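**Student:** Sequence:
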Amino acid sequence: MHAIAVDEDCLRWHDQPAPEGPAAGEVRLRVAWAGVNRADLMQRSGHYPPPPGASHLLGLEVSGTVIEVGAGVDGLRPGERVCALLAGGGYAEEVVVDARQVLPLPDGFGLREAAALPEVFATAWLNLFMEGQLATGERVLLHAGASGVGTAAIQLCRAFGHPCFVTAGSDDKLAACRELGADGVFNRHQGSFVEAVKQWGGADLILDPVGGAYLADNQRVLNAGGRLVLIGLMGGRRAELDLGRMLMKRQRLIGSTLRAKPPAAKGAILDALRAHVWPRLASGEIRPLIDRTWPITEAEAAHAHVERDANIGKVLLEVGGES
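The number in our numbering is simply the position in the sequence shown, starting from 1, with 22 added.
It should be emphasised that the hints constitute simulated quantities derived from the structure, not laboratory data. All values derive from a computational prediction rather than experimental measurement. Careful: at least some of the hints might be erroneous.
Below, in silico cross-link-like pairs of lysine to any residue (SDA-like), each with a Cα-Cα straight-line distance of 20 Å or less [said to hold, decoys possible]:
1) Lys220 - Asp205
2) Lys220 - Glu160
3) Lys220 - Arg281
4) Lys220 - Arg267
5) Lys271 - Gly224
6) Lys283 - Ala326
7) Lys271 - Val216
8) Lys220 - Asp264
9) Lys283 - Asp264
10) Lys271 - Trp222
11) Lys283 - Pro74
12) Lys283 - Val118
13) Lys271 - Arg242
14) Lys283 - Pro185
15) Lys271 - Ala246
16) Lys283 - Ala238
17) Lys220 - Met270
18) Lys220 - Gly254
19) Lys220 - Ala235
20) Lys271 - Arg296
21) Lys283 - Gln155
22) Lys271 - Glu160
23) Lys271 - Glu153
24) Lys283 - Arg296
25) Lys271 - Gln221
Generate the whole structure from the sequences, applying the supplied hints.
**Tutor:** Set out below in structure tokens:
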């Protein structure tokens, strides 16, 4: 098969060995579209290696068609169009994945739209509702609100009754966030978000892909009993934690990654998406926001676009030409 290889920090589309399998409980997919995530850029630069046993190839989500099923797989059959959450291997013509990490397409969805779903909606659901344990009416602060995860999280907050405030890096991005349902917005280039969020009412949950540079201000706006869920380190991995504030306001700091979770845990997240989010996607209440697409042979350009923080929503790579 053909796949993207990182060759001296260049992305090259050429022959690679096809993945072995499928073993029991796994399926082989012919990839149609692959999602681009900032984690791909981190892996490419040597800062986010794949979990033990996972493919060394880039790519954490795909859509495509089932071409082979392993023993014991129920509910999936060759020819079925699906999307999948991966630990790696998506920038390729074929991928083998645990069947628990595969979902049928929402009603009315094509393969292009479906490729924008698995990673961002799984990340948003996991960290808002499972790790963050949002309760009725609680308020959410979302940093990098115009990212793929951010645009998914805004819509989940709106759909499930949680007011959300977002930060982002341009007025165009903030306008897009408001259109998706954000209640308050702040341009990060205007300084600290603290006063704006305090005037809005503070946050019971913060979803933060920035890390170090935002820690102190996050603590200042987090309400009593609030949870800060850290999902990235774009602003650095070290910062000073105010333990007194954490203690007196009963704040909780939660580190969360999705990629290294075992298939059973990923399957539980996807089961929740199928039950609670897939019907809302089918009805049009929630939609994936796709920024741009490139052919897989131009993955370099797609990565440069994400590296510039130029995207509003998801960036996709077209692999198999199916829509």
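**Student:** Compare the structure with each hint and give your call.
**Tutor:** How the hints compare with the structure:
Pair hint lysine 220 plus aspartate 205 holds up; C-alpha atoms about 14 Å apart against a cutoff of 20 Å. Straight-line distance between C-alpha atoms of lysine 220 and glutamate 160 comes to about 15 Å, which keeps the hinted pair within the 20 Å bound. A C-alpha spacing of about 33 Å is found between lysine 220 and arginine 281, which places the hinted pair above 20 Å, so the restraint is violated. A distance of roughly 16 Å separates the Cα atoms of lysine 220 and arginine 267; the hinted pair therefore holds under the 20 Å criterion.
Taking the CA atoms of lysine 271 and glycine 224, the gap is about 13 Å. The hint holds against a cut of 20 Å. Using a Cα cut-off of 20 Å, the hinted pair lysine 283 and alanine 326 is violated, with the two alpha carbons roughly 28 Å apart. Between lysine 271 and valine 216 the alpha-carbon distance is near 16 Å, which keeps this suggested pair within the 20 Å criterion. Note on lysine 220 and aspartate 264: the hinted pairing holds, with a Cα-Cα distance of about 18 Å set against a maximum of 20 Å.
The hinted pair formed by lysine 283 and aspartate 264 fails the criterion: a straight-line CA distance of about 30 Å is larger than 20 Å. For a cut-off of 20 Å, the pair hint linking lysine 271 to tryptophan 222 stands: about 18 Å separates their Cα positions. Of the pairs offered as hints, the one joining lysine 283 and proline 74 holds, with about 11 Å between alpha carbons and a cut-off of 20 Å not exceeded. Of the pairs offered as hints, the one joining lysine 283 and valine 118 holds, with about 17 Å between alpha carbons and a cut-off of 20 Å not exceeded.
A C-alpha spacing of about 10 Å is found between lysine 271 and arginine 242, which places the hinted pair at or below 20 Å, so the restraint holds. Under the criterion of a C-alpha separation no larger than 20 Å, the hint pairing lysine 283 with proline 185 is inconsistent with the structure, at around 29 Å. Proposed proximity of lysine 271 and alanine 246 is supported: the alpha carbons are some 4 Å apart, at most 20 Å. With a C-alpha separation of about 29 Å, the suggested pair lysine 283 and alanine 238 falls outside the 20 Å cut-off, and the hint is violated.
Taken as a hint, the lysine 220 and methionine 270 pair is honoured in the structure, with Cα atoms around 18 Å apart against an allowance of 20 Å. With a CA separation close to 23 Å, the supplied pair lysine 220 and glycine 254 exceeds the 20 Å bound. This hinted pair checks out: lysine 220 and alanine 235 have alpha carbons roughly 19 Å apart, not beyond 20 Å. Distance hint between lysine 271 and arginine 296 is unfulfilled; the C-alpha atoms sit about 36 Å from each other, more than 20 Å.
Distance hint between lysine 283 and glutamine 155 is fulfilled; the C-alpha atoms sit about 18 Å from each other, no more than 20 Å. A C-alpha spacing of about 16 Å is found between lysine 271 and glutamate 160, which places the hinted pair at or below 20 Å, so the restraint holds. Among the hinted pairs, lysine 271 with glutamate 153 is consistent with the structure: their alpha-carbon atoms are about 19 Å apart, no more than 20 Å. Between the alpha carbons of lysine 283 and arginine 296 the distance comes to roughly 19 Å, so the proposed pair stays at or under 20 Å and holds.
A C-alpha spacing of about 18 Å is found between lysine 271 and glutamine 221, which places the hinted pair at or below 20 Å, so the restraint holds.
Checked against the numbered hints given earlier, this structure breaks hints 3, 6, 9, 14, 16, 18, 20; the rest are met.
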